[in-house]
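**Q** The primary structure of each chain is shown beneath.
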Amino acid sequence: MIETTKPLSYANVLSMKDLEADEVMAFVREAQAFKAGKQIQLTRPAYAANLFFENSTRTHTSFEMAERKLGLQVVDFNPAVSSVNKGETMADTVKALQAIGVDVMAIRDRHNEYYTKLVNDRHIHLGIANGGDGSGEHPSQSLLDMMTIYEEFGSFAGLKVAIIGDLSHSRVARSNMEVLNKLGAQVFFGGPKKWFDDRFDAYGTWMPVDDLADQMDVMMFLRVQHERLDASENKHFTAAKYNAEYGLTPARKARMQEHAIIMHPAPVNRGVEIADELVECDSSRIFQQMANGVYVRMAIMASLLRYQGLVDED
Amino acid sequence: MIETTKPLSYANVLSMKDLEADEVMAFVREAQAFKAGKQIQLTRPAYAANLFFENSTRTHTSFEMAERKLGLQVVDFNPAVSSVNKGETMADTVKALQAIGVDVMAIRDRHNEYYTKLVNDRHIHLGIANGGDGSGEHPSQSLLDMMTIYEEFGSFAGLKVAIIGDLSHSRVARSNMEVLNKLGAQVFFGGPKKWFDDRFDAYGTWMPVDDLADQMDVMMFLRVQHERLDASENKHFTAAKYNAEYGLTPARKARMQEHAIIMHPAPVNRGVEIADELVECDSSRIFQQMANGVYVRMAIMASLLRYQGLVDED
Amino acid sequence: MIETTKPLSYANVLSMKDLEADEVMAFVREAQAFKAGKQIQLTRPAYAANLFFENSTRTHTSFEMAERKLGLQVVDFNPAVSSVNKGETMADTVKALQAIGVDVMAIRDRHNEYYTKLVNDRHIHLGIANGGDGSGEHPSQSLLDMMTIYEEFGSFAGLKVAIIGDLSHSRVARSNMEVLNKLGAQVFFGGPKKWFDDRFDAYGTWMPVDDLADQMDVMMFLRVQHERLDASENKHFTAAKYNAEYGLTPARKARMQEHAIIMHPAPVNRGVEIADELVECDSSRIFQQMANGVYVRMAIMASLLRYQGLVDED
Numbered sequence: 006m007i008e009t010t011k012p013l014s015y016a017n018v019l020s021m022k023d024l025e026a027d028e029v030m031a032f033v034r035e036a037q038a039f040k041a042g043k044q045i046q047l048t049r050p051a052y053a054a055n056l057f058f059e060n061s062t063r064t065h066t067s068f069e070m071a072e073r074k075l076g077l078q079v080v081d082f083n084p085a086v087s088s089v090n091k092g093e094t095m096a097d098t099v100k101a102l103q104a105i106g107v108d109v110m111a112i113r114d115r116h117n118e119y120y121t122k123l124v125n126d127r128h129i130h131l132g133i134a135n136g137g138d139g140s141g142e143h144p145s146q147s148l149l150d151m152m153t154i155y156e157e158f159g160s161f162a163g164l165k166v167a168i169i170g171d172l173s174h175s176r177v178a179r180s181n182m183e184v185l186n187k188l189g190a191q192v193f194f195g196g197p198k199k200w201f202d203d204r205f206d207a208y209g210t211w212m213p214v215d216d217l218a219d220q221m222d223v224m225m226f227l228r229v230q231h232e233r234l235d236a237s238e239n240k241h242f243t244a245a246k247y248n249a250e251y252g253l254t255p256a257r258k259a260r261m262q263e264h265a266i267i268m269h270p271a272p273v274n275r276g277v278e279i280a281d282e283l284v285e286c287d288s289s290r291i292f293q294q295m296a297n298g299v300y301v302r303m304a305i306m307a308s309l310l311r312y313q314g315l316v317d318e319d
Numbered sequence: 006m007i008e009t010t011k012p013l014s015y016a017n018v019l020s021m022k023d024l025e026a027d028e029v030m031a032f033v034r035e036a037q038a039f040k041a042g043k044q045i046q047l048t049r050p051a052y053a054a055n056l057f058f059e060n061s062t063r064t065h066t067s068f069e070m071a072e073r074k075l076g077l078q079v080v081d082f083n084p085a086v087s088s089v090n091k092g093e094t095m096a097d098t099v100k101a102l103q104a105i106g107v108d109v110m111a112i113r114d115r116h117n118e119y120y121t122k123l124v125n126d127r128h129i130h131l132g133i134a135n136g137g138d139g140s141g142e143h144p145s146q147s148l149l150d151m152m153t154i155y156e157e158f159g160s161f162a163g164l165k166v167a168i169i170g171d172l173s174h175s176r177v178a179r180s181n182m183e184v185l186n187k188l189g190a191q192v193f194f195g196g197p198k199k200w201f202d203d204r205f206d207a208y209g210t211w212m213p214v215d216d217l218a219d220q221m222d223v224m225m226f227l228r229v230q231h232e233r234l235d236a237s238e239n240k241h242f243t244a245a246k247y248n249a250e251y252g253l254t255p256a257r258k259a260r261m262q263e264h265a266i267i268m269h270p271a272p273v274n275r276g277v278e279i280a281d282e283l284v285e286c287d288s289s290r291i292f293q294q295m296a297n298g299v300y301v302r303m304a305i306m307a308s309l310l311r312y313q314g315l316v317d318e319d
Numbered sequence: 006m007i008e009t010t011k012p013l014s015y016a017n018v019l020s021m022k023d024l025e026a027d028e029v030m031a032f033v034r035e036a037q038a039f040k041a042g043k044q045i046q047l048t049r050p051a052y053a054a055n056l057f058f059e060n061s062t063r064t065h066t067s068f069e070m071a072e073r074k075l076g077l078q079v080v081d082f083n084p085a086v087s088s089v090n091k092g093e094t095m096a097d098t099v100k101a102l103q104a105i106g107v108d109v110m111a112i113r114d115r116h117n118e119y120y121t122k123l124v125n126d127r128h129i130h131l132g133i134a135n136g137g138d139g140s141g142e143h144p145s146q147s148l149l150d151m152m153t154i155y156e157e158f159g160s161f162a163g164l165k166v167a168i169i170g171d172l173s174h175s176r177v178a179r180s181n182m183e184v185l186n187k188l189g190a191q192v193f194f195g196g197p198k199k200w201f202d203d204r205f206d207a208y209g210t211w212m213p214v215d216d217l218a219d220q221m222d223v224m225m226f227l228r229v230q231h232e233r234l235d236a237s238e239n240k241h242f243t244a245a246k247y248n249a250e251y252g253l254t255p256a257r258k259a260r261m262q263e264h265a266i267i268m269h270p271a272p273v274n275r276g277v278e279i280a281d282e283l284v285e286c287d288s289s290r291i292f293q294q295m296a297n298g299v300y301v302r303m304a305i306m307a308s309l310l311r312y313q314g315l316v317d318e319d
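Residue numbers (this note's numbering), protein chains in the order written: chain U, 6 to 319; chain B, 6 to 319; chain X, 6 to 319.
A portion of the hints provided could be inaccurate.
One copy or two, either will do: identical chains are not told apart, so a pair holds if it fits within one copy or between any two.
Claimed, not checked - Below, a list of computed lysine-lysine pairs in the DSS-like style, where the Cα atoms sit at most 27 Å apart:
1) 91 with 258
2) 198 with 165
3) 258 with 122
4) 199 with 91
5) 246 with 91
6) 91 with 198
7) 198 with 258
8) 22 with 122
9) 165 with 258
10) 165 with 199
11) 246 with 199
12) 165 with 187
13) 40 with 22
Hints were generated in silico from the structure; no laboratory data involved.
Using the sequences and the hints, build the whole thing.
**A** Here is the structure:
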């Protein structure tokens, strides 16, 4: 069994910016240990809640599964009927759940850095995992991406990773380019030039997708988030045109090196970012990413539980 | 304790058409065994999800209860906030949940035979129970009806069973007439003549409700599904007129044989299909049907778990 | 550990009017015992459902947490997709869940005394806890208020308790004034005079909030329920004006006796009933009330389980 050298313990897990390279690797290794069957013992029955003020079944379900696999009880929370609709602040909602007995929670919200007010509130002492903040970060997605790459290559040093697509609106892009740099990988970018700007220059170089196909170890496609684009921008692309110009086509797949892998945070717009028949090809790690997401979230929630003194270490 | 001779094991349970008479009886007997207290041991913690894209609290809750009674963890899934709303196919949603660790699921959807695409997808290998497909089938309802009749009479041979009401729109009617024939019962039909057509001739004879009341062992009333009828059709009936012409009235109840029973898939429109005061009369098995539904669904989900190698048989 | 002298056992817990002073105290002491770590053993796996036809995450979550802490399995119920939308009566929904195997439930509904039809239905035999009925009662809120006061003062005799705010629309006000009288406390009222009427005269005296601040042991503020007021009434107040005239301000807090406490059923409209910075001051018991809510609801659900013969007493 793969073991981390010392147990991870965090008050909150909010941003990849807070994590040094060795901390990222500690999360990856802890997640691998969970994948290999590691279990933790709780010191008492413990309770999780998932506050998803922005929809995301996939991330929500993955956190819930992680919590259940850690032996937590998951308390149902439906934002649609919550007191937030009576004008209650998120901090008061969190404190109410804390008072009721919730020990750890995952939160997703459409406001960037929604968590600042929560962690600065001295009456909040439960552990919070950021499940995505607006156009900000999505640390559990970054960690599962890193885990999937590490599982494949065993190292980040010198690895060539392309991030392709809607860079300007993607939480995943920004978190991953920083983390990959920290870990020693080389980052490249692809996709529509108008979605690439000088914020990205410090992290990597833009290249045409054909060239990326030739040279990369990892082709990481981003979802074209229709809902984040205004209609006038959007009508520049049809699905077929986007796929032909910036997406993965059978021709580009044929140009990829044999060991190279395809990633995507999902859900994939089949036929847009990736040709339908390639989504589950042998080089695709897309469903493996989802599977790894559960183990990464186990590592995150376990680190919060450990900080709360709820893990019995022996 | 009632035991089945060999353990049921199915990749999926989708349609009554797939089941021979002895298989139906094996499900009924397994359900009776669960009702009598039978328990199964899982080889590891296992996870169920219920994807109800069409509303049905009753069936949904019954599946959930069955899953919990089998010792499964039930992962929350809310179709209203799922990625299906981002254009994801049902197959991709199912594969995402599978990747996350779901082992078995019940699905209800408004599209007939929605499951064909799922079972033909070679990347889907979890077990699926059909919780109802459009105007197609509703196998767990059929099995609970068979269980309830078998509990009452101990045999199907020569039993006279009437199916009364909205035959043309009812999943229950079509599944049950076939299964009852297979099992050796005689099927009769009642209700508005316009809802009876030559598709039903091969399975049984239409009769006036008064005559059915005189002769039947089982009076199975179907829900008048207002939502499936267009307004012009609908206005032909008032509740009182439907009950007087086609429903169970005290006068018809008085004509029924003493041993005859009343069934209904529920929810009953009280005063329409069945007079209010008769819904829970001594001859009614309506709430017993609901109770049996849990045990039948335990048998179904256990058969999927067994196929997945998740049941420890000793 | 604090122990009740004899185990509480009730068919249903619906109204504070049904409870004598010693029964209220028995619930308070049982709740304190649960808070101190008391656990119950169930005679078999038992199932709870929470039917919240009117939104209230806080009460809903608190009941769910209580049920989980008692070792119950909580069956998901979403009224938005239930058969109630197909015209099913609440009694039939309850009987369906009972048939499926639910042993105890908490119900909230917007109709006053919705529960009368349920408890008069001889086919309903599961245990029901009232989670709030329209403008009627909210017994678990009253009991948690009593528990919080008793924890603080150890006695009700001669205690001066003010209930301040929207008396005419508040379930909490009416239940609490009666119970506090029964328990020997003196009740006073405050807030807009137009919300005070002669129904309240028998229970206590109205005073200006400044005078209440000087004299009370407990200052219990009620939520200004915007949604229950018509717009024309509502526009008489701005938040600032309400706070200045009837709410807790720093000046009024300064007038309070050192031992006096602040209560509120939550969610607080910060800056309306209570100045933002006072919601979590040292004298506030608002979040302690929420914490106590779980233990009170454990006592309630345990009393229902005991009546059902589901608690193993030794």
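**Q** Confirm or reject each hint.
**A** Against the structure, the hints come out as follows:
1. Within a single copy, residue 91 and residue 258 get their C-alpha atoms only as close as 52 Å, which misses the 27 Å cut-off; across copies the closest is 26 Å, which meets it.
2. Taking the shortest alpha-carbon separations for residue 198 and residue 165, only the intra-copy value of 20 Å comes in at or below 27 Å, while the best inter-copy value is 71 Å.
3. Taking identical chains as interchangeable, the C-alpha atoms of residue 258 and residue 122 lie at most 27 Å apart only when they sit on different chains, with a minimum of 26 Å there against 45 Å within one chain.
4. In this assembly of identical chains, the alpha carbons of residue 199 and residue 91 lie at most 27 Å apart only when taken from different copies (24 Å versus 41 Å within one copy).
5. In this homomeric assembly, residue 246 and residue 91 come within 27 Å of each other (Cα to Cα) only across copies, at 20 Å, whereas the closest approach inside a single copy is 45 Å.
6. Within a single copy, residue 91 and residue 198 get their C-alpha atoms only as close as 44 Å, which misses the 27 Å cut-off; across copies the closest is 25 Å, which meets it.
7. In this homomeric assembly, residue 198 and residue 258 come within 27 Å of each other (Cα to Cα) only inside a single copy, at 21 Å, whereas the closest approach across copies is 60 Å.
8. In this assembly of identical chains, residue 22 and residue 122 lie within 27 Å of each other by CA distance solely inside one copy; the values are 18 Å within and 43 Å between copies.
9. When the C-alpha separation of residue 165 and residue 258 is checked against a cutoff of 27 Å, the pair qualifies only within one copy, where the shortest distance is 16 Å, while the shortest distance between copies is 63 Å.
10. For the identical chains of this complex, residue 165 and residue 199 are intra-copy neighbours only, at 23 Å inside a copy versus 69 Å across copies, given an alpha-carbon limit of 27 Å.
11. Taking CA atoms no more than 27 Å apart as the test, residue 246 paired with residue 199 passes inside one copy only; the shortest distance there is 16 Å, against 51 Å between copies.
12. For the identical chains of this complex, residue 165 and residue 187 are intra-copy neighbours only, at 13 Å inside a copy versus 63 Å across copies, given an alpha-carbon limit of 27 Å.
13. With identical chains, the CA atoms of residue 40 and residue 22 are at most 27 Å apart within one copy only, with a shortest distance of 25 Å there and 40 Å across copies.
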